[in-house]
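Engineer: In the order they appear, the protein sequences are chains A, B, C and D.
Count the first sequence with our numbering and you get residues 1 to 306, in order.
Count the second sequence with our numbering and you get residues 1 to 306, in order.
Count the third sequence with our numbering and you get residues 1 to 306, in order.
Count the fourth sequence with our numbering and you get residues 1 to 306, in order.
For the record, the hints were derived by calculation from the structure and aren't laboratory data.
Think of the CB as a built atom: it goes at the ideal place given N, C-alpha and C, for glycine as much as any other residue.
Any given hint could turn out to be false.
What the hints assert, rightly or not - Below are the EDC-like pairs computed for lysine to aspartate or glutamate, each with C-alpha atoms no more than 16 Å apart in a straight line:
| # | chain 1 | residue 1 | chain 2 | residue 2 |
| --- | --- | --- | --- | --- |
| 1 | C | Lys33 | C | Asp44 |
| 2 | B | Lys128 | A | Asp266 |
| 3 | C | Lys124 | D | Asp266 |
| 4 | B | Lys220 | B | Glu232 |
| 5 | C | Lys49 | B | Asp262 |
| 6 | A | Lys128 | B | Asp266 |
| 7 | B | Lys124 | A | Asp266 |
| 8 | D | Lys128 | C | Asp44 |
| 9 | C | Lys128 | D | Glu261 |
| 10 | D | Lys128 | C | Glu261 |
| 11 | D | Lys128 | D | Glu183 |
| 12 | A | Lys128 | B | Glu112 |
| 13 | D | Lys222 | D | Asp266 |
| 14 | B | Lys128 | A | Glu261 |
| 15 | A | Lys124 | B | Asp266 |
| 16 | B | Lys217 | B | Glu230 |
| 17 | D | Lys128 | C | Asp266 |
| 18 | B | Lys49 | C | Glu150 |
| 19 | B | Lys298 | B | Asp262 |
| 20 | C | Lys128 | D | Glu101 |
| 21 | B | Lys128 | A | Glu150 |
| 22 | C | Lys128 | D | Asp262 |
| 23 | B | Lys124 | B | Glu112 |
| 24 | A | Lys49 | D | Glu150 |
| 25 | A | Lys128 | B | Glu261 |
| 26 | D | Lys49 | A | Glu150 |
| 27 | D | Lys124 | C | Asp266 |
Claimed, not checked - A few chain A residues that face chain C, going by a derived Cβ cut-off under 8 Å, partial list only:
| # | residue |
| --- | --- |
| 28 | Val21 |
| 29 | Ala91 |
| 30 | Met104 |
Protein chains: 4
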Amino acid sequence: MAIHHFTPQHYYNAMGTYPPVLRIADGDTVITKTADAMGHDEHDQPVAKRGNPQTGPFYVEGAEQGDTLAVTFDRLYPNRRIGYTNGRLAANVVDPEYVREMPMQSPWCEWELDLENGTATFAKPETKLGRLTLPLRPMLGCFGVAPAGEQAISTATSGPHGGNMDYKGFEQGATVYFPVEAEGALLFVGDGHAIQGDGEIVGTGIEISFDVQFTVKVLKGKRIFWPRAENETHIITVGNARPLDQALQHATTELTRWLLEDYGLDPVGAHTLLGQCIEYEIGNVFDPAYTVACKVAKSILRQFAP
Amino acid sequence: MAIHHFTPQHYYNAMGTYPPVLRIADGDTVITKTADAMGHDEHDQPVAKRGNPQTGPFYVEGAEQGDTLAVTFDRLYPNRRIGYTNGRLAANVVDPEYVREMPMQSPWCEWELDLENGTATFAKPETKLGRLTLPLRPMLGCFGVAPAGEQAISTATSGPHGGNMDYKGFEQGATVYFPVEAEGALLFVGDGHAIQGDGEIVGTGIEISFDVQFTVKVLKGKRIFWPRAENETHIITVGNARPLDQALQHATTELTRWLLEDYGLDPVGAHTLLGQCIEYEIGNVFDPAYTVACKVAKSILRQFAP
Amino acid sequence: MAIHHFTPQHYYNAMGTYPPVLRIADGDTVITKTADAMGHDEHDQPVAKRGNPQTGPFYVEGAEQGDTLAVTFDRLYPNRRIGYTNGRLAANVVDPEYVREMPMQSPWCEWELDLENGTATFAKPETKLGRLTLPLRPMLGCFGVAPAGEQAISTATSGPHGGNMDYKGFEQGATVYFPVEAEGALLFVGDGHAIQGDGEIVGTGIEISFDVQFTVKVLKGKRIFWPRAENETHIITVGNARPLDQALQHATTELTRWLLEDYGLDPVGAHTLLGQCIEYEIGNVFDPAYTVACKVAKSILRQFAP
Amino acid sequence: MAIHHFTPQHYYNAMGTYPPVLRIADGDTVITKTADAMGHDEHDQPVAKRGNPQTGPFYVEGAEQGDTLAVTFDRLYPNRRIGYTNGRLAANVVDPEYVREMPMQSPWCEWELDLENGTATFAKPETKLGRLTLPLRPMLGCFGVAPAGEQAISTATSGPHGGNMDYKGFEQGATVYFPVEAEGALLFVGDGHAIQGDGEIVGTGIEISFDVQFTVKVLKGKRIFWPRAENETHIITVGNARPLDQALQHATTELTRWLLEDYGLDPVGAHTLLGQCIEYEIGNVFDPAYTVACKVAKSILRQFAP
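Sequences and hints are given; from them, build the entire structure.
Structural biologist: Given below as structure tokens:
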């Protein structure tokens with residue numbers, strides 16, 4: 001259970017079976033940093049190519065195809081005091097005819113972060129929002145493992161391997177599970193958001209560089225099909241696809257499997273529970289693949305679980 | 001501001017320009033009852049045709065095309081002790097190939113309600129859930145006004161006029177706004193759910209008859225395009241369409257309009273606020289038209305609103 | 001087998017259970033006229049409300065819920081020399097971001113018809129197309145029967161009852177089949193297009209008034225779920241829904257049923273035939289419900305059909 | 001203008017920036033072979049991994065990012081006498097609830113090819129189709145170039161780089177255009193279908209090994225966004241995405257650009273032409289990304305083109 005301090009020297013803009021930057025053991029912890037979505041580091045200096053550059057890949061010993069990799073985010077926090085957002089809604093989240101009524105220009109906006117008090121304040125340009133101040137909710141927008149079939153998938157998009165899911169539930173304290181497809185799993189992390197609304201509908205959260213600490217665990221022989229997660233209160237599954245309907249189908253199917261396989265439920269029990277207790281969240285409706293999360297409260301599962 | 005006690009004698013399974021059952025004034029309150037989705041009343045006796053039979057229509061004096069009708073739910077509560085759910089996931093909410101793995105039979109399930117303590121307990125058939133007990137969250141699944149163009153639209157589906165939206169935010173304390181298309185608005189109410197998960201993915205909430213008390217208000221000359229709502233904490237808009245992507249576009253466009261028109265925001269301000277603060281909820285992914293709600297917290301709006 | 005000459009006096013902009021304008025017997029023929037989509041007649045004079053006003057409804061004696069109504073278009077031809085089109089692509093048929101690059105104005109265009117030689121020539125405004133001349137392919141964009149459940153559905157959209165399908169296969173010589181839901185079926189016809197591209201992607205065909213002659217036949221006890229059709233060369237089914245994927249599912253399912261029920265095929269045979277021989281056509285991607293047609297050549301069916 | 005005879009020794013199941021198997025000059029012709037989708041060669045012997053294994057990549061000298069690669073299929077023909085199809089409709093092409101009514105088993109079917117007369121005859125298993133005989137229409141299901149950003153994309157799916165488009169218009173005589181993203185373009189070819197219905201709705205055409213002859217041409221500085229094609233009668237664009245609606249948007253946008261850039265049309269002219277003359281075809285609705293083609297007849301373009 002070693003703790004590794006890792007400083008990235010280069011970054012990847014796709015997730016693939018690249019040479020690992022560090023080999024770690026099952027149970028190890030890594031303390032590292034991520035550049036922001038535009039490739040800027042904690043000094044807001046360019047260190048990587050824009051488009052969610054990734055720190056990694058980290059090779060986890062013992063992880064093989066057919067296993068599951070668990071990644072617990074021990075710490076996720078912005079490491080500089082300025083963040084950026086896009087200032088115009090994406091064309092695909094409004095009625096097509098309404099696109100004509102939207103601004104032609106898409107301004108780039110600045111936010112000032114108070115890291116001690118955990119807030120972000122809108123700074124530029126001037127708008128009727130004034131100095132709107134919001135509580136931080138730090139999350140990673142893009143992270144995952146090497147995809148199946150020796151593919152290399154752009155960090156613009158997502159899939160069963162994770163990637164650019166932009167789901168605000170992926171925050172400190174969460175454990176995220178990925179299907180392992182390549183030897184060593186090859187974990188990547190990047191794209192911190194200080195805050196992000198559901199759907200990432202302007203195409204960004206508050207984009208910023210992060211300090212990241214995570215701990216890995218290999219679940220040998222555990223086979224899953226889509227990313228899963230859990231936090232203190234919920235179990236969660238995630239589907240990545242277009243349209244939203246299909247992302248929702250992936251997530252719902254995966255959560256049904258989880259209840260049937262690990263919670264001892266029969267089909268009528270599992271379906272009934274989901275029917276009355278499921279909660280859906282929309283990760284993003286901006287990226288090439290959209291992301292839908294669904295979850296069930298652990299307090300409900302405790303009523304009947306073994 | 002009269003209070004009307006109204007006992008339904010017949011019900012409608014579509015929303016259209018039918019002869020009103022009661023004429024009420026702007027500001028009046030109605031205390032009435034709704035049958036459940038199968039057409040059973042508070043004694044679980046058949047009184048209406050199955051398929052979300054509606055109490056109404058109520059003619060609101062002074063409401064004309066181009067106005068908005070506000071309906072506040074003063075009270076929404078089940079009025080009997082047994083509710084029903086479907087026990088199998090709808091085929092369209094899981095991966096298409098997974099449909100083959102699901103049960104061929106769709107059992108009908110019973111829940112016992114403790115109206116004093118506000119809980120529902122799963123009673124039949126026997127499953128691994130045992131006597132799962134959940135807190136009530138009463139809501140109306142299907143209600144709305146007469147649609148545009150003298151249409152009569154089945155209560156199976158929904159549209160700009162409301163209808164079968166199956167969104168759990170439509171609960172006691174909420175005020176819902178509809179675009180008025182017919183003289184008198186012609187308000188219908190029905191389809192109470194004691195509890196419903198997001199998406200109504202088994203095709204039902206806990207279906208039950210309700211006591212309903214509501215108060216109406218006409219906003220003269222106020223023009224909206226999709227249902228809006230507000231409660232103590234949020235302003236909300238709703239889009240009804242397939243696929244989910246389009247329902248989301250309708251809701252997002254309507255919320256953008258609301259911020260621009262009534263909160264004094266400029267486009268960059270409105271888009272930025274939505275980008276970092278919007279919350280999406282999925283009403284239903286079961287009915288012919290799906291329902292997506294989006295909302296913003298009033299606590300945020302208070303930072304800059306006039 | 002009477003032939004009725006019917007001159008419309010008023011028109012409907014929804015399809016519902018309205019009082020019939022004419023009662024006809026099974027086997028009868030009707031010769032009538034339709035106004036264009038804007039409500040103009042053969043003299044280009046306004047006679048009806050815009051939005052695909054319908055001639056009818058025609059009550060067909062003997063037609064009851066659970067039957068199928070067959071409508072053969074004996075003659076469909078424009079009856080004036082000027083037609084109109086919209087001159088800008090609908091926002092929903094291009095990439096959302098591309099909407100910003102399209103013209104802000106949507107010009108109204110005129111076409112001159114040569115009814116003797118069967119061509120239409122682009123006349124106004126001036127464009128680089130010059131006097132583009134195209135062969136006529138007359139079709140009805142919007143027609144159908146009263147929908148289920150005593151609904152009244154706007155002629156802007158479509159469903160199992162037909163409606164605004166805007167499919168160019170609905171032309172002279174075709175026989176179209178509808179599920180009967182109301183007593184007498186209640187047939188409506190309207191919305192002639194002299195020519196229309198696939199998808200009706202500018203929102204119009206060449207809109208024009210028509211002479212229409214059709215013959216009806218009741219198929220007692222024949223139950224179908226979506227419109228079907230046949231012409232000299234193909235059998236055809238049509239699905240009306242959004243997104244296109246769902247319209248395609250409806251059409252494909254209906255064609256599968258048809259092969260299994262009426263052509264004596266086993267599932268492997270039917271699926272194999274469709275897999276290698278199905279042809280899809282896109283009716284419209286403009287209206288609230290999109291339309292997908294699928295078809296199989298009769299020359300193939302003759303190889304094994306009884 | 002050399003002619004290269006190339007015999008593949010190994011195959012790729014993804015399209016990426018792999019070491020080229022052959023370097024060819026602009027204008028050269030290649031005569032080679034492709035294995036079938038299951039990885040079987042002209043003797044029906046396994047030579048590659050299943051999943052549309054590709055012959056190539058071919059490095060085309062002078063092709064760089066920002067150029068367009070033109071590939072003309074001089075010859076595409078099956079090179080053995082047995083082909084295979086799947087015998088059950090994919091779950092995603094029928095109504096979700098109808099999936100429950102379909103066969104649980106998906107039989108593998110054999111077809112005998114008469115290469116001299118150009119027909120395929122259904123051979124096994126026994127069905128009510130008997131020995132259904134269809135004319136060959138040979139096409140390549142999966143081919144393309146290295147995608148952008150050094151990605152490696154599975155041959156199960158498709159994108160701007162081509163890939164598994166399964167569109168029956170990609171046949172002998174067609175010239176297909178791809179955006180070049182990697183140095184040398186890196187062209188791959190594979191996945192021959194002796195026949196395929198629209199949509200590839202059983203998940204296969206008649207899968208078979210092919211003789212392939214193609215000629216390349218580099219269009220320096222010509223920038224396109226999606227695959228384009230032309231044959232004797234039409235110009236064609238292709239969009240690859242889910243849902244169908246988005247694939248159609250990509251194709252329609254690309255065809256609009258083509259008319260504006262290369263045919264001298266103004267927006268109203270281009271939009272009007274597409275509105276009344278566009279033809280849509282559905283490539284596949286089976287693969288992870290669906291494919292929609294749209295096209296315009298050259299006979300129409302000749303009326304006004306320079």
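Engineer: Straight-line Cα separation of Lys128(D) and Glu183(D) no greater than 16 Å?
Structural biologist: With a Cα-Cα distance of about 52 Å, the restraint between Lys128(D) and Glu183(D) is violated, given a limit of 16 Å.
Engineer: Run the distance test for Lys124(A) versus Asp266(B): straight-line Cα separation, threshold 16 Å.
Structural biologist: 14 Å, holds
Engineer: Quick one, are Lys217(B) and Glu230(B) close enough, alpha carbons at most 16 Å?
Structural biologist: 14 Å, holds
Engineer: Are the Cα positions of Lys128(C) and Glu101(D) separated by 16 Å at most?
Structural biologist: 54 Å, violated
Engineer: Has the given pair, Lys124(C) with Asp266(D), been kept, meaning a C-alpha gap of at most 16 Å?
Structural biologist: 14 Å, holds
Engineer: Run the distance test for Lys128(A) versus Asp266(B): straight-line Cα separation, threshold 16 Å.
Structural biologist: 6 Å, holds
Engineer: Holds or violated: are the alpha carbons of Lys128(C) and Asp262(D) at most 16 Å from each other?
Structural biologist: OK: Lys128(C) and Asp262(D) at ~13 Å, within 16 Å.
Engineer: Given Ala91(A) was flagged as interface, is its beta-carbon under 8 Å from a beta-carbon of chain C?
Structural biologist: 3 Å, holds
Engineer: Would the hint linking Lys128(B) and Asp266(A) be met if the CA-CA limit is 16 Å?
Structural biologist: Given that 16 Å is the threshold and the Cα spacing comes to 6 Å, the pair holds.
Engineer: Against chain C, run the beta carbon of Val21(A) and see if the smallest gap drops under 8 Å.
Structural biologist: At about 35 Å, which exceeds the 8 Å cut-off, the nearest Cβ of chain C leaves the hint on Val21(A) violated.
Engineer: Is the straight-line distance between the alpha-carbon of Lys298(B) and that of Asp262(B) 16 Å or less?
Structural biologist: Given pair Lys298(B), Asp262(B) holds - Cα atoms ~13 Å apart, limit 16 Å.
Engineer: When you check the alpha-carbon spacing of Lys128(D) and Glu261(C), does it fall within 16 Å?
Structural biologist: 13 Å, holds
Hint compliance for this structure: hints 4, 5, 8, 11, 12, 13, 20, 21, 28 are broken, all remaining hints hold.
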